[in-house]
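For the protein sequence lines, the chains are A and Z, in the order given.
So in the numbering used here, spot 24 of the first sequence is number 24, and the numbers just go up one at a time.
With the second sequence counted from 1, adding 116 to any position gets you the numbering used here.
The set of hints was computed from the structure by calculation and includes no laboratory data.
The structure presented is a predicted model; accordingly, all values stated were derived computationally and were not measured.
Take these hints with a grain of salt, some might be off.
[What the hints assert, rightly or not] Derived pair list, reagent style EDC-like, types lysine to aspartate or glutamate, alpha-carbon separation capped at 16 Å:
| no. | chain 1 | residue 1 | chain 2 | residue 2 |
| --- | --- | --- | --- | --- |
| 1 | Z | K214 | A | D18 |
| 2 | A | K57 | A | E44 |
| 3 | Z | K214 | A | E71 |
| 4 | Z | K214 | A | D86 |
| 5 | Z | K224 | Z | E131 |
[Said to hold, decoys possible] A few chain Z residues that face chain A, going by a derived Cβ cut-off under 7 Å, partial list only:
| no. | residue |
| --- | --- |
| 6 | E157 |
| 7 | L204 |
| 8 | S210 |
| 9 | K214 |
| 10 | G220 |
Think of the CB as a built atom: it goes at the ideal place given N, C-alpha and C, for glycine as much as any other residue.
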Amino acid sequence: GAGVSQSPRYKVAKRGQDVALRCDPISGHVSLFWYQQALGQGPEFLTYFQNEAQLDKSGLPSDRFFAERPEGSVSTLKIQRTQQEDSAVYLCASSFPVAGMGETQYFGPGTRLLVL
Amino acid sequence: TQLLEQSPQFLSIQEGENLTVYCNSSSVFSSLQWYRQEPGEGPVLLVTVVTGGEVKKLKRLTFQFGDARKDSSLHITAAQPGDTGLYLCAGEPSGTYKYIFGTGTRLKVLA
Chain A
1 GAGVSQSPRY
11 KVAKRGQDVA
21 LRCDPISGHV
31 SLFWYQQALG
41 QGPEFLTYFQ
51 NEAQLDKSGL
61 PSDRFFAERP
71 EGSVSTLKIQ
81 RTQQEDSAVY
91 LCASSFPVAG
101 MGETQYFGPG
111 TRLLVL
Chain Z
117 TQLLEQSPQF
127 LSIQEGENLT
137 VYCNSSSVFS
147 SLQWYRQEPG
157 EGPVLLVTVV
167 TGGEVKKLKR
177 LTFQFGDARK
187 DSSLHITAAQ
197 PGDTGLYLCA
207 GEPSGTYKYI
217 FGTGTRLKVL
227 A
């Protein structure tokens with residue numbers, strides 16, 4: 001069975017470049033989360049989608065970060081004008097049904113972003 | 117800001133030893149999860165606890181949710197090298213879908 005997949009797995013960007021990170025959730029999963037994980041730390045919440053609706057984007061660090069899920073399945077996290085502090089692993093997770101009350105989140109392998 | 121503090125941060129032990137990892141907060145959570153993460157992979161859910169005082173066992177792993185639902189512990193009996201990894205707790209504040217992850221405990225079990 002297919003789990004959550006993310007691409008690319010690794011991305012090296014020069015400071016100032018725009019990057020786009022893709023997440024393919026498990027088919028039929030309603031909820032989709034993006035997290036940022038710094039080296040040696042726990043994941044930090046970025047944003048949450050329920051189907052195509054972005055219900056919470058309170059964790060996005062700045063207006064350079066933008067996420068979308070136009071058809072309620074695949075999601076893209078875009079970072080404009082990347083900075084060195086954006087270097088981290090970006091994790092995507094999906095769950096079914098609607099998140100809350102302890103539903104299992106299934107995580108992808110992450111995209112490791114390095115900004116030089 | 118809700119924080120989940122984990123202790124210890126790092127733990128290196130010999131195969132066969134027992135260990136306990138703690139996850140503490142001043143906030144109440146409606147549920148708490150424990151994950152294990154290996155290098156280059158995403159976290160994998162080990163257990164979810166939802167009731168204060170709840171104890172769950174998964175082979176050699178015992179998980180407990182505090183009575184006040186503010187803290188949790190993970191106890192591993194007779195650790196094995198395959199237990200090596202980053203252990204993360206994640207709490208779900210009441211009435212939300214958003215999980216707050218702990219700071220992580222990096223465990224290394226030596227053969």
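Determine which of the earlier numbered hints do not hold for this structure and return their numbers in increasing order.
Checked against the structure, the hints that fail are numbers 1, 3, 4 and 8, while the rest are satisfied.
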